[in-house]
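Student: Sequence order for the protein chains is A, B and C. If you read the first sequence in the working numbering, its first letter stands for residue 8, the second for the next number, and so on. If you read the second sequence in the working numbering, its first letter stands for residue 5, the second for the next number, and so on. If you read the third sequence in the working numbering, its first letter stands for residue 697, the second for the next number, and so on.
Simulated from the structure, these hints should not be mistaken for lab results. Treat the numbers as computed from the prediction; the structure is a model and nothing was measured. Not one of these hints is a red herring.
SDA-like cross-link-like pairs, simulated, lysine to any residue; straight-line CA separation at most 25 Å: (1) 105/B / 81/B; (2) 105/B / 97/A; (3) 30/B / 82/A; (4) 49/B / 20/A; (5) 1336/C / 1351/C; (6) 49/B / 158/A; (7) 1233/C / 1146/C; (8) 49/B / 44/A; (9) 49/B / 1430/C; (10) 1422/C / 104/B; (11) 1422/C / 96/A.
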Amino acid sequence: MTPLQLIFLFTGAAILISAVMVVVAHNLVHAALWLVVSLFGVAVLFVLLEAGFLAAVQVVLYIGAIAILIIFAIMLTRRVMQDSGPQTNQQWWLSALIAVALFVALLWTLSQVAYPLANVPVPESYLITLGRSFVDPNQYALPFEVASVLLLVALIGSIVIAGEKGK
Amino acid sequence: MIPLSWYLTLAAALFCIGLYGVLARKNAVAILMGIELMLNAVNIKLLDFWHYLTPTTVSGQMFAIIVFVVAASEAAVGLALIISIYRRRNTVVAEEIDLMKW
Amino acid sequence: MTPDLLTWLIPVPPLLAFFLIVLFTNKDKVLSHTIALVGIGLSWIWSLSIFLRVLGVEHFGEEENVIASSIPWLPVGAESLPMGVLVDPLTAVMLFFVSLACLMIFIYSVGYSNFGKPLDPHDQPGQPPHNGIEPLYSRFFAFLSLFAFGMLTLVVADNVLLMFIGWEIMGLCSYLLIGFWYARDYPDPKQITPRRAAVKAFMTTRVGDVLMLLGIVYLYFQTGTLSFREIMHANGGQAVSMLAGLDSFIPGLSVAGLIGLLLFAGTVGKSAQFPLHVWLPDAMEGPTPVSAMIHAATMVSAGVYAMVRLFPLLSAGWHHGGPLTPPMMAMAAIGAFTALFAATIAVAQNDVKKVLAYSTISQLGYMIAALGIGAYIAAAFHLVTHAFFKALLFLGSGSVIHGVEHGQHHVAHEASHSAKHEASAEAHDPSHNQQSAISNQQSFDPQNMLNMGGLRQKMPVTFWTFLIGGLALSGFPLITAGFWSKDAILGGAWEGEHFIVFAVLAVAAFLTAFYTMRQISLTFLGQPRTQAAEHAKENVWTMTLPLVILSFFAVTAGWVGIPEDFPVLGGLLPNWFHEFVGGTLLEHPPAEVFNLIPLATSLVVALGGLALGWLVYRNIPAGAEDPLQRALGPIHTLLKNKYYFDELYDFIFVRPVRWLSEVFVSAWMDKGLIDGLLHWIGRTSMRLGDAFRNYFDAPIINGAGDLVGEGVKRFGNSFRVIQTGKVQYYLLITMVAVIALGGVFLIFTR
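Model the full assembly from the supplied sequences, consistent with the hints where possible.
Tutor: Shown next as structure tokens:
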């Protein structure tokens, strides 16, 4: 077992355990924090996958924005005595069953494929290539612009939705 | 080298945990958190495949970035919705928001 | 105007009068009777002119020496039945007296129906009037006119069919006129009402008419023609001889005999011979002019006329002095029997009109018997004279009844007046008094001879004319017409050596004289037996003038038929009647050989009967019993009840038929069977319909429809539950579906 594999195992366990805690935790703030932990783990995984840029994006975006947003939302929608009582609804057992079944199915499906592994290392200048592809009209300029528009729309939309009436 | 199958297993497990969270949690925000988990699992998978199958192209990363963008906007809108509903209905329990029925 | 055209026209004015009155002038009484009188007057003038015209013709009646005219009328196969007129000597004589008698009766009706008096508000239409004018005045004249039309048609007809048509029209009119006072009812249920009498008359004569029609059909079938001249005169009477030679399906009877018997049956009905005599006495329910018209002058004579007309057919194969043919035998037997039978009943009747009715039956029997023994001329002669004096007698009786009624009114009025004076304290309103007066009247029978008496002083004109008529009926010698005609019949019977007939007729003549004198004595002689008779008074000129005119003929009509070899008087006046009417037949019947015995017999019988009647009845006081009742005892009761023939017929015929129609046909067959069947069909259809609806339509068809709808609804309802509105739930379902589909996919694409 190489050290990389160990790190992977450790990171993987952390991700999974914190994910489980996210979905199980009674206290929502705890769940949010556990989510942060999980996201951190995922960032580490990204690093392992030699996608450092994306690891940074992950941390900044998910943890820095989305997780904070979630915590804000939790804050804004808190009610007294809300965290008492069961946090799962009635069909949780069916959901668990489904989740397990899906897990099994996914594993089995994934194992059926013979992956054409390309045993080529990641090029050094992948980031520059990535950056260039964002603005190259022949490549991914359009999705780039579309993504920005999407963000704009989401921004305006959420302001409208969450805005107070009569303001 | 970490075998691909480990990554895939991990991502699948994360996805299923996220699914469980979506289906089983009462609180709407918790559901959103579950959705984030699922999206993350998808991202992992995407990058797995990029790394192991086509490391020289950027399409894998691109896809992952787009997923990021989508996740972000979706989280924003979703939370805005939850806040709006909270204001109206004074609840965030998903079960109690059940007007879309016959 | 040619004679044949004139003959065609003779029946027309009364017919026109009928239609005009019925359609247009019913409301106007004066106009109606004027039209009717003008109508019959025209017919009378024309008949008279024809009569006078043919008087001068030599050998009138032979071969083509007659007035004849005919047109084809009813298409029958390739040929047509003709309609036409014929005037031969018999017709001429008939025209003379029929039209005269009808005219007299029409004039009389004006007075009898109280013309000139105002309409009494108490009188109901359909009831006889009390003191006012007859409410249905115009209708009466309309019916009389129609009747006259029928009779005149019958007289001038040249074939059997047209004669039968006139015959039936008169049958209808007799029904209408007998039942003229249709609303009249009697408290005694046994007493026949005018309505029932009319039906009875119609039904009884119908029996005869049906048989007559059979005879006519048979005749046509055998000879191919119905014309009188063709059957009886053409080729020397060849048709008749042929018929006499043929044998009918009844052994021993020739075709002529069978036809004759059938045709005679019609006369038995119409002329009220035994056994169909029952309708005539009850026909007295009609107004008196009707009785005079129908039952003296016209309808009953029509029966005899038909026999006289068809004499060659009836006597086919008979020659003078030889054995009688079957129809002649039947006629002689029935005629003679009826003459005696009716005379015996007349002796015991108290109603003045009923006596005359039975007398008519009896006299008709005389005529039929005369024909039966072959005394053709005598029968025709008696027909003519009888019409005159019988019409006279009937009209006279009407006058008597009218006078007595008037007297009764007078008495009732005085009584109410005195009642008013006595009870002046109480407020009697006049209507109440009138009511009691009327009811009083109803129980008093003005027609009962026992309520009369002493009318000779009160109603002289009526008395003298009635006396003349009665003497004529009895056959008072020399000066009355009845003597000559009756003597002719008796003479003919004696000469033909039909002694039984002679004896029977002689006895009947005796009874005739007896009851006639009885009638005259009870009515006119002696003292008034009631207050009403006391106050009776003579009638208006429109009633008495016809009486006078008819009595003139009752006296003189006999003088045209005095036999040639009568002692002293014979030869003074030619026996015109014999000569003239004899021309009707193919060969002139031989002149009667005078014999003293029949003359003596008729003298004895007539004078004896008259004397006996006068002796017994001249001084019957009020309330006394009829002397005959004491003398005859139970036989008198039998006679009074007409030998109970009505009751017998009722039992044998009327009741079974009524049972048949009321019970069998109406109740069982019609209501029970046919209606029952229809009801059953209706009920069953309804039940079937209900069954279909309840067991098939509603559950199955409706049910199927409902099932589909309901089923879908329930199905939908049961699936509704998966739409909870909860997002996670929906997601869960989606995931389950994904897993399932994925599983299916994986398994099947191994």
